[in-house]
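Q: Starting from the known structure of chain A, arrange chain B on it as the hints suggest.
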Amino acid sequence: MATEAHAAEGATGYIVHHLTPLSVGEGFWTLHLDTLFFSAVLGGLFVWFFKTAAERATSDVPGLVQNFAEMMIEFVDSQVKDSFHGKSELIAPLALTIFCWVFLFNFMDLFPVDLLPMIGSMMGIEYLRVVPSTDLNATFAMSISVFFLIIFYSIKVKGPWGFAKELMFQPFGPWLLPFNLLLKLVEELAKPISLALRLFGNLYAGELIFILIALLPWAIQPALSFPWAIFHILIITLQAFIFMVLTIVYLSMAHEDH
Amino acid sequence: MSINATLIGQMITFALLVWFTMKFVWPPLYQSLEERKKKIADGLAAAEKGQEEMDLAEKRAINVLKEAKEKSADIVNLAQKRANEIVEESKDAAKKEGERLLVAAQAQIDQELQQVKESLRKEVSSLALNAAEQILSAEIDQAKHQEILNKVSNQIG
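Those protein sequences? They're chains A and B, same order as listed.
The number in this note's numbering is simply the position in the first sequence, starting from 1, with 17 added.
The number in this note's numbering is simply the position in the second sequence, starting from 1, with 207 added.
Next comes chain A alone, as it looks inside the complex (with noise of 0.2 Å):
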């Protein structure tokens, strides 16, 4: 595939090929079908597996299952009770949700990087980018809706006036309060951004990667796309892990009245 594919548009054509979304509609109201699609799908796994979990959870001994799911729970609530010291029935299933989900996202990616858009162009779809994490869309979905939580909370704890006195008087006291705001606003904005920026950056340089390497001849393939996928299996676990131990962190200083 991927030869042909270099024969018949060139290296350029074949990477630009794979980066491009199947997409309907025009300039904003544009959908992502696929990062739709797939996240979804596996937005879907993730609920259903829990869920088969959570309906057979039992206080004995344990099924395989069950016992996976409450390694995950553990292993997410003993990080929220790391930085989290309030009482929240929100932040540590948002925790798992967005660990789990981040990981499926990325997880994709070790999919052969032809396979998924192969069996695609059989079924007539031409373009097919498998990986959610590698639309912008996804990454910012979830950071900006993390955002507005932070927004909540600060507004839920410390009142609306109590946080924009924390906007206006710190860090520097009130006789610099235009200063005050503007690193305020671009502390909080910067929170977002970077949050989403950091997951698509690193899984959209290793998807490339995972493409450009799929360009070489079949022969010395092996030899680097297999370090490569291996190296892969953590950098996916630990954006994942990133993205949740931010979110918790986040939310966490969003309780913290000053």
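I should point out that these hints are in silico values taken from the structure, not numbers from a laboratory.
Note that this is a predicted model, so its numbers are computed, not measured.
Careful, some of the hints might be misleading.
Claimed, not checked - No more than 20 Å apart at the CA atoms, straight line, and that leaves these computed lysine to aspartate or glutamate pairs for EDC-like:
1. 98/A - 242/B
2. 244/B - 77/A
3. 246/B - 91/A
4. 245/B - 205/A
5. 303/B - 319/B
6. 68/A - 94/A
7. 245/B - 183/A
8. 244/B - 87/A
9. 230/B - 99/A
10. 173/A - 131/A
11. 358/B - 330/B
12. 245/B - 255/B
13. 244/B - 205/A
14. 68/A - 43/A
A: This is chain B only, laid out in the frame that chain A set:
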């Protein structure tokens, strides 16, 4: 690379996932974890209690054993003492019986001695008479021998 309406769709999916996890996934799993934690803690406490009780029972058993040993030693001592007493008593009884038998035997011996003496006297006197008759038949000198006979008779009597 453009931000578009996909963002909104993704946010809706994300919100639904978080809501579902919060509502139906996290609480039952977390609860089962907590329940198991409690169960394990209870089990450990019970095990510890059982251990303590066992230690106590062991101590008690040792005490009971010690008491039993002491009691049995007492009983053995008592029995020994009693046996000694019985032996002493029977020794005394045997001694007394022996003495009694000795006395009886002595009495019988005395009696028999007396009898033998009596019969001897009778025999000797008859022998003497016999001898005298034979002497008399050989040589009779009444006057002379009367004197001797008297002497002999006197000696015997």
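Q: Now look at each hint and say whether the structure bears it out.
A: Each hint tested on the structure:
1. 98/A - 242/B: Within the cut-off at roughly 19 Å; holds.
2. 244/B - 77/A: Holds, at roughly 10 Å.
3. 246/B - 91/A: Given that 20 Å is the threshold and the Cα spacing comes to 17 Å, the pair holds.
4. 245/B - 205/A: violated (41 Å)
5. 303/B - 319/B: Measuring from Cα to Cα gives roughly 24 Å; hence the hint is violated.
6. 68/A - 94/A: The hint holds at about 18 Å.
7. 245/B - 183/A: violated (42 Å)
8. 244/B - 87/A: Satisfied, since the Cα-Cα distance of roughly 12 Å is no more than 20 Å.
9. 230/B - 99/A: violated (23 Å)
10. 173/A - 131/A: violated (48 Å)
11. 358/B - 330/B: Cα-Cα ~19 Å, so holds.
12. 245/B - 255/B: holds (15 Å)
13. 244/B - 205/A: violated (39 Å)
14. 68/A - 43/A: Not satisfied, since the Cα-Cα distance of roughly 37 Å exceeds 20 Å.
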